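Given only the sequences and the hints, what does the whole structure look like? Please build it.
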Amino acid sequence: MSERAVSVDHSTVHRWTIKLLPALGKAFGPREKKVGRSWRMDETYIKVKGKWKYLYRAVEKAGDTVDFLFRAKRDKAAARRYFEKAISGNGVPQTVTFDTSGANVAGLNAINADREVQIKIRQSKYVNNVVEQDHRAIKRIVRPMLGFKSFRCARIILGGIELMHMIAKGQMKSDDGRYRSVAEQFYDLAK
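Here the working numbering = 1-based position in the sequence shown + 51.
Since the hints were derived computationally from the structure, they do not count as laboratory data.
Owing to the predicted nature of the structure, the values given are computational and were not obtained by experimental measurement.
Just so you know, even glycine gets a beta-carbon here, dropped at the ideal spot from N, CA and C.
Only true hints are included.
Computed list of lysine to aspartate or glutamate pairs in DMTMM-like fashion (alpha-carbon distance at most 25 Å, straight line):
1. Lys127 / Asp165
2. Lys220 / Asp239
3. Lys171 / Asp115
4. Lys85 / Asp227
5. Lys84 / Glu213
6. Lys70 / Glu213
7. Lys190 / Asp126
8. Lys85 / Asp226
9. Lys176 / Asp150
10. Lys98 / Asp150
11. Lys85 / Glu111
12. Lys220 / Asp115
13. Lys136 / Glu183
14. Lys98 / Asp126
15. Lys124 / Asp150
16. Lys84 / Asp115
17. Lys84 / Asp226
18. Lys136 / Asp126
19. Lys176 / Asp126
20. Lys102 / Asp150
21. Lys171 / Asp150
22. Lys124 / Glu135
23. Lys127 / Glu213
24. Lys224 / Asp115
25. Lys100 / Glu213
26. Lys77 / Glu135
27. Lys242 / Glu213
28. Lys136 / Asp165
29. Lys127 / Asp150
30. Lys220 / Glu111
31. Lys85 / Asp239
Derived DEER-like restraints, expressed as beta-carbon distance ranges:
32. Thr151 / Glu54: 45 to 51 Å
33. Val178 / Gly80: 25 to 31 Å
34. Asn160 / Val57: 49 to 55 Å
In structure tokens form, the structure reads like this:
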């Protein structure tokens with residue numbers, strides 16, 4: 052903005068961010084590429100008001116983001132809610148791999164109890180490295196922020212960070228099938 056001689060306060064940019072990111076997320080939904088059937092799921096910690104909250108994330112075998120959900124607690128209900136959201140937006144996976152978290156197992160078992168065809172559960176510390184490495188891209192952006200002041204703002208801003216991360220990984224469908232830069236994809240989304 053300063054390159055174009057427009058003076059804008061950082062709080063104004065923050066307000067624009069909070070207002071516009073949910074609209075960009077809704078516009079991205081129908082343009083998101085389909086993901087594979089083998090998911091790696093994990094949660095990471097994000098600080099809000101000095102307390103740790105949980106960002107549930109999953110990536111497929113190839114590294115594309117399946118879905119994400121920011122929750123205050125790390126329990127069976129949060130894991131179940133995450134799986135319901137991920138399945139409703141991306142279809143049912145064949146297998147889900149995660150570490151030795153009991154809450155995630157309980158959440159997926161609750162989902163499996165309602166289904167005829169069971170989702171296979173794999174627990175492996177080492178196969179989950181794909182999602183652990185994918186956390187680094189999110190943490191690299193969040194760390195300099197020194198935490199968030201409200202849960203609502205954290206949820207919206209993390210959604211925007213995840214959105215840009217998915218665009219950068221090439222998870223947005225192109226209308227004409229040609230390669231587009233991240234900036235072109237973002238401008239196409241913002242139209």
